[in-house]
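Protein chains in written order, with the working numbering: chain A, 25 to 574; chain B, 242 to 408.
Hints in this document: simulated from the structure, not taken from any laboratory. The structure displayed is predicted, hence computed values, not measured ones. Treat the hints with care, since some could be wrong.
Said to hold, decoys possible - Sample of chain A residues with no beta-carbon within 10 Å of chain B, all distances over it, derived:
| no. | residue |
| --- | --- |
| 1 | Tyr-76 |
| 2 | Leu-144 |
| 3 | Ile-170 |
| 4 | Phe-176 |
| 5 | Arg-177 |
| 6 | Asp-303 |
| 7 | Trp-353 |
| 8 | Lys-354 |
| 9 | Asn-384 |
| 10 | Leu-386 |
| 11 | Asn-430 |
To be verified - Straight-line Cα separation of at most 30 Å, BS3-like style, residue types lysine-lysine; simulated pairs:
| no. | chain 1 | residue 1 | chain 2 | residue 2 |
| --- | --- | --- | --- | --- |
| 12 | B | Lys-309 | B | Lys-296 |
| 13 | B | Lys-249 | A | Lys-265 |
| 14 | B | Lys-246 | A | Lys-190 |
| 15 | B | Lys-350 | A | Lys-342 |
| 16 | A | Lys-559 | B | Lys-350 |
Ideal placement from N, C-alpha and C gives every residue a C-beta, glycine not left out.
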Amino acid sequence: MLKNTLFSKKEARLYMAFMHVTFASLLIGGLMGLLQTLSRSGQFKLPFGINYYTILTVHGVILGLVLTTFFIVGFQFALMGKTVGISDKQRQWGWIAFWTMLIGTIIAAATILVGQANVLYTFYAPLRAHAAFYIGLALVIVGSWIAVFVNFRQLYVWKKANPGQKSPLLAFMVTINMAMWFIASLGVATSVLIQFIPWSLGYAATINVLLSRTLFWYFGHPLVYFWLLPAYMAWYAIIPKIIGGKLFSDSLARMSFILLLMFSIPVGFHHQLTEPGIDPTWKFIQVVLTFMVVIPTLMTAFSIFATFETTGRRKGHKGLFGWFKHLPWKDVRFLAPFIGMVAFIPGGAGGIVNASHQMNTLIHNTIWVTGHFHLTVATTVILTFFGIAYWLVPHLTGRRLTPKLNKLGIIQTIIWTVGMTIMSTSMHIQGLLGGPRRSDFSNYAGGEQVSTWISYQVAQAVGGTILFIGIILMIYIFIQLAFFAPRGVQEFPIAEEEVDADPTPKILENWYLWIGITIALILFAYTIPVIDIIKHSPPGSLPFDWPIGR
Amino acid sequence: MHLHKYEKIWLTFGLGSLALFLVIIGFAAFWKGTHPMSHIETIDPQNVEAHESFKPENLGLREVAQGKYTVNIVASAFNYDIGTDADGKPVKKIRVPKGSTVLFQITTKDVVHGFQVAGTNVNMMVEPGHVSRLETVMKNAGEFTVVCNEYCGIGHHQMFATVEVYE
Ligand code: HEM
Ligand SMILES: [Cu+2]
Ligand SMILES: [Cu+2]
Numbered sequence: 025m026l027k028n029t030l031f032s033k034k035e036a037r038l039y040m041a042f043m044h045v046t047f048a049s050l051l052i053g054g055l056m057g058l059l060q061t062l063s064r065s066g067q068f069k070l071p072f073g074i075n076y077y078t079i080l081t082v083h084g085v086i087l088g089l090v091l092t093t094f095f096i097v098g099f100q101f102a103l104m105g106k107t108v109g110i111s112d113k114q115r116q117w118g119w120i121a122f123w124t125m126l127i128g129t130i131i132a133a134a135t136i137l138v139g140q141a142n143v144l145y146t147f148y149a150p151l152r153a154h155a156a157f158y159i160g161l162a163l164v165i166v167g168s169w170i171a172v173f174v175n176f177r178q179l180y181v182w183k184k185a186n187p188g189q190k191s192p193l194l195a196f197m198v199t200i201n202m203a204m205w206f207i208a209s210l211g212v213a214t215s216v217l218i219q220f221i222p223w224s225l226g227y228a229a230t231i232n233v234l235l236s237r238t239l240f241w242y243f244g245h246p247l248v249y250f251w252l253l254p255a256y257m258a259w260y261a262i263i264p265k266i267i268g269g270k271l272f273s274d275s276l277a278r279m280s281f282i283l284l285l286m287f288s289i290p291v292g293f294h295h296q297l298t299e300p301g302i303d304p305t306w307k308f309i310q311v312v313l314t315f316m317v318v319i320p321t322l323m324t325a326f327s328i329f330a331t332f333e334t335t336g337r338r339k340g341h342k343g344l345f346g347w348f349k350h351l352p353w354k355d356v357r358f359l360a361p362f363i364g365m366v367a368f369i370p371g372g373a374g375g376i377v378n379a380s381h382q383m384n385t386l387i388h389n390t391i392w393v394t395g396h397f398h399l400t401v402a403t404t405v406i407l408t409f410f411g412i413a414y415w416l417v418p419h420l421t422g423r424r425l426t427p428k429l430n431k432l433g434i435i436q437t438i439i440w441t442v443g444m445t446i447m448s449t450s451m452h453i454q455g456l457l458g459g460p461r462r463s464d465f466s467n468y469a470g471g472e473q474v475s476t477w478i479s480y481q482v483a484q485a486v487g488g489t490i491l492f493i494g495i496i497l498m499i500y501i502f503i504q505l506a507f508f509a510p511r512g513v514q515e516f517p518i519a520e521e522e523v524d525a526d527p528t529p530k531i532l533e534n535w536y537l538w539i540g541i542t543i544a545l546i547l548f549a550y551t552i553p554v555i556d557i558i559k560h561s562p563p564g565s566l567p568f569d570w571p572i573g574r
Numbered sequence: 242m243h244l245h246k247y248e249k250i251w252l253t254f255g256l257g258s259l260a261l262f263l264v265i266i267g268f269a270a271f272w273k274g275t276h277p278m279s280h281i282e283t284i285d286p287q288n289v290e291a292h293e294s295f296k297p298e299n300l301g302l303r304e305v306a307q308g309k310y311t312v313n314i315v316a317s318a319f320n321y322d323i324g325t326d327a328d329g330k331p332v333k334k335i336r337v338p339k340g341s342t343v344l345f346q347i348t349t350k351d352v353v354h355g356f357q358v359a360g361t362n363v364n365m366m367v368e369p370g371h372v373s374r375l376e377t378v379m380k381n382a383g384e385f386t387v388v389c390n391e392y393c394g395i396g397h398h399q400m401f402a403t404v405e406v407y408e
């Protein structure tokens with residue numbers, strides 16, 4: 025059913041374009057990360073009068089928004105191309121999406137680099153960056169929307185051509201992720217278009233700060249699910265094939281994606297727990313909704329380990345853990361995502377602390393939070409993306425992942441794991457001790473507390489240095505896979521269902537139903553609080569340029 | 242949809258823990274009243290002096306009853322205004338006896354700031370147009386660094402104060 029041949033040249037070129045931007049971003053963003061940790065250690069001063077917050081803005085925007093979005097859009101295009109196909113017209117729109125996103129990125133990046141946008145990737149009002157920064161970001165989002173609609177169209181065309189058939193699992197998953205992304209990014213797009221751009225250009229005198237933050241976090245939490253779902257796609261539907269097994273359950277996989285769609289958006293208040301101006305009861309309601317993602321998360325964990333075990337046993341490995349020992353540890357396509365899964369255990373546990381109504385107070389805005397998302401995004405998600413790149417890139421370029429590159433990949437994975445363990449552990453501890461996030465080196469009042477923080481900052485620099493070595497190695501592997509590895513065919517691994525699998529219930533593909541429930545939940549969680557915020561809004565805020573050095 | 246027997250056990254256990262957990266935070270929130278800081282009171286950020294608590298002469302620490310204190314603070318990039326001492330110098334340190342109840346009241350004249358007494362549960366966002374309030378009992382003695390933990394500009398890491406809790 026699936027064409028496991030290579031893509032046509034034209035098609036592969038589109039998908040590779042996204043990969044090139046991804047890995048260029050990794051290099052630039054990673055270098056900034058290294059400089060941040062060095063600067064924060066207090067042992068090193070940034071040269072040429074570069075401001076810490078300029079590089080922090082570059083780091084957050086390039087890694088958090090650009091790298092992730094480009095990789096995801098490119099990877100999802102490839103998944104759609106493989107499972108439901110892409111027409112010439114759709115491919116052309118794919119290119120329009122790419123260029124729109126890239127031009128947006130360049131505009132935003134240039135604005136940051138000339139010091140006109142030291143506002144970090146969250147760009148909280150009333151700090152005012154140059155309007156070009158917001159316009160650039162808006163273009164990145166608009167570009168990604170073009171990709172959203174191309175993907176929707178791809179599935180629609182396939183459905184028309186295959187009446188009554190259930191959609192391929194991966195195409196279904198991509199569609200869920202894009203539906204979520206579109207619904208969520210409406211929030212930030214509204215804020216940028218209606219609030220930030222007119223205000224930064226001087227057409228509006230003031231801005232409603234709390235409203236802008238609420239719209240931002242309406243998007244900001246689903247954003248992290250937008251990063252996570254492609255990793256889940258790989259775990260559910262690609263890893264089983266790599267270890268020589270089958271899909272655990274098509275229906276369960278779809279069900280968990282639907283639940284993730286429903287419970288990813290109406291929960292943004294858990295990022296705003298310590299803000300004045302939001303009613304505590306509504307905060308509590310969103311906290312409860314936040315925790316509902318425990319269900320699909322547990323389902324995912326079960327399916328993955330069930331696949332591991334079933335596959336191992338079928339191959340004849342006995343004993344309680346015999347199957348575990350015989351997983352393909354030496355295959356980087358498996359090892360990197362596997363370590364990502366393991367990192368998700370402490371990462372998820374930390375997330376429970378962050379989202380908890382009261383516990384949040386202890387760690388809110390401390391560097392604990394940074395430690396948390398370097399475990400989840402920069403380890404779980406990124407290692408899975410690397411794991412994907414090891415086969416996707418050679419598949420697209422008509423080359424092979426050679427045993428030597430595979431071995432380098434394993435070394436890369438280990439370096440990343442060691443570096444991130446050191447960096448994120450010390451961030452977590454420093455955060456529990458009260459050390460703030462998003463802060464250049466400082467002695468503060470020079471008290472006892474501060475000296476304990478600084479030793480952890482030094483540890484972060486050690487971790488950051490190891491990580492940067494990992495980045496260099498990854499870039500080397502990418503260049504090899506893209507341009508120099510021997511020609512050949514690298515498999516595009518997509519797991520198949522068991523022959524005797526239960527049929528997937530039709531209702532799982534009822535888009536009206538699931539998107540309807542999602543919208544209902546969003547309206548429930550946001551309507552009254554947002555009306556409240558607008559009704560009880562204070563006088564708006566004037567823009568501030570000087571605090572960011574403009 | 243078919244669920245494996247072990248998966249049912251796993252999900253039952255997971256959902257049970259989830260329910261228990263939600264009951265605990267619900268109990269803490271609604272019976273014990275430990276909500277995170279929320280205070281729906283607005284103020285004009287360009288004229289914070291109009292508010293009784295934030296008049297220049299009312300800033301800083303004052304004892305309102307035996308063992309009960311209020312601290313009024315106006316944040317701005319990159320400073321916490323905690324009033325002036327007898328010599329007219331800006332106050333950078335607040336001293337309270339151990340075991341006292343302290344109400345922190347803070348607002349900002351410009352951008353968003355944070356206010357965290359590091360190592361305690363005093364942690365609030367300070368947003369223009371809103372008053373942030375949190376009352377706490379200072380149970381442990383020591384010197385606590387107050388840090389601005391929300392990015393407020395390129396002097397963000399220079400924004401701090403000290404709370405000393407003495408025996
Ligand atoms: C070489 C590897 C990396 C190093 C050394 C590194 C280091 C850091 C440090 C030290 C901070 C916190 C700075 C502060 O709070 O003052 C930070 C923030 C951040 N990092 Fe990384 N990081 C790395 C990789 C990544 C990756 C791969 C991602 C995402 C895919 C990422 C996303 C972020 C984001 C979104 C922030 C938040 C920026 C902000 O708070 O505005 N980092 N990183
Ligand atoms: Cu501040
Ligand atoms: Cu600050």
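Taking the numbered hints from earlier one at a time, note which ones the structure violates and give those numbers from smallest to largest. Going through the list in order, the structure violates hints 1, 2, 6, 9, 10, 15 and respects the others.
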